[in-house]
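Asks: Okay, here's what each chain looks like letter by letter:
2 protein chains.
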Amino acid sequence: MGKESAIPVENESGSPTMRTAETLLRILPMALCVAALVIMLKDSETTDYGSLSYSDLGAFRYLVHASGVCAGYSLLSAVVAAVPRPSTMSRAWAFFLLDQLLTYIILAAASISTEVVFLAYKGDVSITWSQTCGSYGGFCRKATASIAITFVVTLCYVGLSLISSYRLFSKYDAPIAYTNKGVEAAIFQSS
Amino acid sequence: MGKESAIPVENESGSPTMRTAETLLRILPMALCVAALVIMLKDSETTDYGSLSYSDLGAFRYLVHASGVCAGYSLLSAVVAAVPRPSTMSRAWAFFLLDQLLTYIILAAASISTEVVFLAYKGDVSITWSQTCGSYGGFCRKATASIAITFVVTLCYVGLSLISSYRLFSKYDAPIAYTNKGVEAAIFQSS
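First to last, the sequence lines map onto chains A and B. The first sequence runs 1 to 191 under UniProt numbering. The second sequence runs 1 to 191 under UniProt numbering.
Since the hints were made in silico from the structure, they are not lab data. One should not assume that every hint holds.
Copies of one chain are not kept apart here, so a pair can be met inside one copy or by any two copies together.
Straight-line distance between alpha carbons at most 27 Å, and here's what the computed DSS-like set of lysine-lysine pairs gives [as the list claims (entries may be wrong)]:
no.: 1; residue 1: K142; residue 2: K42
no.: 2; residue 1: K142; residue 2: K122
no.: 3; residue 1: K42; residue 2: K122
Excised from the complex, chain A in its bound form (with noise of 0.2 Å):
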């Protein structure tokens, strides 16, 4: 038995086209969260009304960032995906964990530009706030497609995290099956 389960923990990242796929995967939201990172940073508009900017809304500085650290963590993982080496636990544990950290991270970044893209559009009655946007429209463009950008990064995050889940729990046997197994094996034995 201990020899069956230590195969392949050995041999999981074995296969090049698998291996490809994934840092091809990996390399994606990274170039994208650059993207939403540049066009984000030179996001500022000056009109007769004043000047916006993005750092003047704590939502688009969060966004700036999230983006930064999903890139560069998209950057790092992508590199130790591609080097064809002996998958352990631990490295599993690792790539599970932030790969579900960084898609909650981007996800709520993703969310809270767009409520306030939201409330810079339609603005709020009740609560005075004005519909920025009117004054501010080249601002809100922007900001709207840096958004854009980020949920796609999402999207590709919610991949990497079911990935990532497979490889690690697949490594487990189901709750049950272990004493199953083993019950199954002395009957191999015996025969």
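With the hints as your guide, set chain B onto chain A.
Replies: This is chain B only, laid out in the frame that chain A set:
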């Protein structure tokens, strides 16, 4: 090989302790969702400046809907998890996908409501959004309480999606391991 993979699927939800633990972990977010829902629904304040209700803000309306859906799903899934019956692959996939979806929905609801309360407390000078909580202090405190509960629900769902992904993917073998097992089975049979 066919029998070996069939047995764990049938017995997987067999442990009564594990079943009770999962049922309780699904009832807890249900209770919390109902609490967050009720607090938010009763959240309205009338002052000298006018009156403000949760329904005036899109983010809070979304939080109410998300909490309602989450409470309903938590109840249903607790009932399904409590009944001792053979766990099938399709049931494991349904739990996995729905748990993931609910985690993302409830996280988004908590995030955007946090952003709105943050803006209501701090305001934003550059886009002339006023500090609404200066006038409606009680409203903001209740909203904050509801959001805090929603974040606890999010944590519960992060745990639940971890459990359901373990339950699903531990039924699969590791990617390459399948071939190795086939080889081992052949050796077993020939000996």
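Asks: Measure nothing new, just compare the shortest in-copy and cross-copy C-alpha distances for K42 and K122 to 27 Å and report within, between, both or neither.
Replies: both (24 Å within a copy, 25 Å between copies)
Asks: At most 27 Å between alpha carbons: which applies to K142 and K42, within, between, both or neither?
Replies: within (9 Å within a copy, 38 Å between copies)
Asks: With 27 Å as the alpha-carbon cut-off, assign the pair K142 and K122 to within, between, both or neither.
Replies: both (17 Å within a copy, 25 Å between copies)
Going down the numbered hints, you'll see the structure goes against none, and every one checks out.
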